[in-house]
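For the sequence shown, the working numbering begins at 1 and goes up steadily by one.
Treat the hints as calculated values from the structure; they're not laboratory data.
Every value quoted in this text rests on a predicted model; they were computed, and no experiment measured them.
Worth double-checking, as some hints may not be accurate.
Within a straight-line C-alpha distance of at most 30 Å, the following computed DSSO-like cross-link-like pairs (lysine-lysine) qualify [claimed, not checked]:
1) 384 - 189
2) 227 - 384
3) 302 - 317
4) 119 - 452
5) 189 - 534
6) 312 - 302
7) 301 - 384
8) 302 - 534
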Amino acid sequence: MGGFIARKPDICQSPTVQSLVLFSTAYPFSTSLEVNLPAVSAGIMELLGILNGHWAFTWVSQDRFSLPVVAIISIWIVLFSYMFYNLYLHPLSSFPGPWYAAISDIFFARTIVSGHAPKTIRALHERYGEVVRVAPGELSFSSASAWKDIYTQRKSGEIFTKDHKFYITDDTLRAPHVNSIINVEEHAKARKILSPAFSSRSLLDQEDVVIKYADMLMVAIAEESRKGPLDLDMYYNWVTFDVLGELAFGESFGSVEARKTDLWISTIMSMVSFIAWAAALYRVSPMLEKMIGLLVPPQMKKAAFSHVMSSKSKILKRVKRGEGEKKDFCSYVLDIKDEMGLNDWHLTSYASFLIMAGSETTTTVMSSLTYYLCRTPRVYEKLKHEITSRTATFPYLTAVIHEIMRIFPPVPFGLPRIVSKGGETVDGIFIPGGTTVSVHSWSSTHNAKNFKDPDSFVPERWLDPDNTDNFSASNPFLLGPRGCSGQNMAWMEMRILIAKMVFLFDYELVDEKLDWVRDSPNMIIRQKVELLTKVYPRDVK
Numbered sequence: 001m002g003g004f005i006a007r008k009p010d011i012c013q014s015p016t017v018q019s020l021v022l023f024s025t026a027y028p029f030s031t032s033l034e035v036n037l038p039a040v041s042a043g044i045m046e047l048l049g050i051l052n053g054h055w056a057f058t059w060v061s062q063d064r065f066s067l068p069v070v071a072i073i074s075i076w077i078v079l080f081s082y083m084f085y086n087l088y089l090h091p092l093s094s095f096p097g098p099w100y101a102a103i104s105d106i107f108f109a110r111t112i113v114s115g116h117a118p119k120t121i122r123a124l125h126e127r128y129g130e131v132v133r134v135a136p137g138e139l140s141f142s143s144a145s146a147w148k149d150i151y152t153q154r155k156s157g158e159i160f161t162k163d164h165k166f167y168i169t170d171d172t173l174r175a176p177h178v179n180s181i182i183n184v185e186e187h188a189k190a191r192k193i194l195s196p197a198f199s200s201r202s203l204l205d206q207e208d209v210v211i212k213y214a215d216m217l218m219v220a221i222a223e224e225s226r227k228g229p230l231d232l233d234m235y236y237n238w239v240t241f242d243v244l245g246e247l248a249f250g251e252s253f254g255s256v257e258a259r260k261t262d263l264w265i266s267t268i269m270s271m272v273s274f275i276a277w278a279a280a281l282y283r284v285s286p287m288l289e290k291m292i293g294l295l296v297p298p299q300m301k302k303a304a305f306s307h308v309m310s311s312k313s314k315i316l317k318r319v320k321r322g323e324g325e326k327k328d329f330c331s332y333v334l335d336i337k338d339e340m341g342l343n344d345w346h347l348t349s350y351a352s353f354l355i356m357a358g359s360e361t362t363t364t365v366m367s368s369l370t371y372y373l374c375r376t377p378r379v380y381e382k383l384k385h386e387i388t389s390r391t392a393t394f395p396y397l398t399a400v401i402h403e404i405m406r407i408f409p410p411v412p413f414g415l416p417r418i419v420s421k422g423g424e425t426v427d428g429i430f431i432p433g434g435t436t437v438s439v440h441s442w443s444s445t446h447n448a449k450n451f452k453d454p455d456s457f458v459p460e461r462w463l464d465p466d467n468t469d470n471f472s473a474s475n476p477f478l479l480g481p482r483g484c485s486g487q488n489m490a491w492m493e494m495r496i497l498i499a500k501m502v503f504l505f506d507y508e509l510v511d512e513k514l515d516w517v518r519d520s521p522n523m524i525i526r527q528k529v530e531l532l533t534k535v536y537p538r539d540v541k
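Sequences are here, hints too, so could you generate the full structure?
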């Protein structure tokens with residue numbers, strides 16, 4: 001048996017090795033691989049030479065380490081240097097958070113695809129406070145004031161740009177949609193394309209479409225409820241997709257009428273999961289950006305591609321059909337297609353995102369509300385009384401919608417932004433430039449400093465003039481120039497669907513053990529959970 005004998009312990013004095021440590025720690029914060037990789041490679045090669053020739057760890061039984069052993073040692077030195085820097089020398093090292101989140105992006109990447117991100121990040125905020133370091137270069141906030149600081153225009157006129165690590169796309173998506181555009185000017189251009197579709201005039205046309213499909217849904221539920229319990233989550237999905245299908249493509253998916261899920265709808269979750277996996281893999285290493293299509297599960301990739309191709313087919317069919325009596329989403333976009341330089345893939349991307357964002361979020365609100373109304377009979381009876389009394393403004397209905405979007409936000413994560421060069425103040429704290437920041441919406445709306453009894457479903461809090469809750473901590477449609485363009489349409493759709501459901505039916509959950517928060521995984525948006533419900537049509541006049 002032999003032992004290690006160390007000679008000339010001056011390895012750390014080597015300028016090249018010191019440069020290697022600096023490059024290795026800076027690498028994760030840069031996407032310029034052409035700059036970093038040669039430097040890192042050169043540093044490793046010199047480190048091998050130093051270890052082999054100048055430090056010369058030696059076995060008693062042999063003169064030198066073998067090259068593979070030296071290579072392993074050098075890699076560990078690089079990794080240790082990287083982790084040491086992130087923990088103790090990084091500009092964010094003074095911010096609270098778990099050590100395993102500070103040393104690597106792996107923790108946060110795993111959190112994204114785990115399905116439990118809302119609860120995981122909330123737990124960190126409850127332990128460490130309203131600002132938490134969740135990755136080497138990223139901070140999560142849960143305070144009310146951070147919303148305005150991060151997402152609205154600064155006093156200097158600047159707007160924090162989106163973090164491309166979250167909004168990345170690959171060739172499957174073909175063209176950017178409004179939510180994936182990083183450049184502020186390009187995003188403003190995209191919103192200009194969408195704005196006519198969400199004007200007050202357009203909203204009147206959209207209301208007719210919503211009422212038509214809402215009435216069809218009520219008939220379907222009334223008829224099918226005689227056969228046994230219904231999965232209302234599926235029914236809500238049908239109607240929201242049918243509405244958005246007609247508004248985007250000029251024709252519905254026919255799900256409510258056929259009472260089955262269209263193939264396009266069935267692939268939407270795979271598309272969302274694909275995006276989540278893409279963002280997670282890119283976080284682990286920028287080198288994975290070009291390999292995302294190879295690394296995500298094959299079935300997920302196939303379904304995502306099928307979703308995109310189906311979207312394009314629907315768009316081409318709509319363009320070929322020409323204008324009808326009523327304008328749909330494509331009508332407004334086609335009016336300025338040539339002026340804005342849009343091709344078929346742009347139309348596909350915009351329409352696909354509109355349907356994905358509008359339908360799934362509204363379905364989440366409807367399903368979550370059904371659960372909470374069944375679990376809170378007092379609220380259900382009060383809401384039913386207001387609706388059946390045909391109150392003019394329905395204030396309690398409005399409060400109920402506000403409260404369900406607070407307790408179960410349809411977008412339950414933080415939308416990341418990059419702090420401008422030179423640094424800025426967020427929530428009264430100076431944040432170094434280049435740092436990724438976000439307000440974690442789930443943590444913000446469940447922060448006891450913002451809302452009393454945050455886990456209790458209490459719509460009255462939105463009506464009580466003496467209530468001290470900080471309502472600015474709940475922003476389901478975001479704030480500022482990148483806020484949701486379709487929020488007025490979403491509000492109109494939710495009010496119509498909820499009013500009709502409560503006016504026409506009584507219902508109760510089949511599974512008394514169902515816990516909506518515990519049993520609803522979230523991967524960017526809520527994944528599907530069966531909401532089996534006994535529905536009882538009421539005799540109304």
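Okay, the hints, checked on the actual structure:
no.: 1; hint: 384 - 189; in the structure: violated (44 Å)
no.: 2; hint: 227 - 384; in the structure: holds (25 Å)
no.: 3; hint: 302 - 317; in the structure: holds (22 Å)
no.: 4; hint: 119 - 452; in the structure: holds (18 Å)
no.: 5; hint: 189 - 534; in the structure: violated (47 Å)
no.: 6; hint: 312 - 302; in the structure: holds (15 Å)
no.: 7; hint: 301 - 384; in the structure: violated (44 Å)
no.: 8; hint: 302 - 534; in the structure: violated (36 Å)
Consistency with the previously given hints fails for numbers 1, 5, 7 and 8, ordered from lowest to highest.
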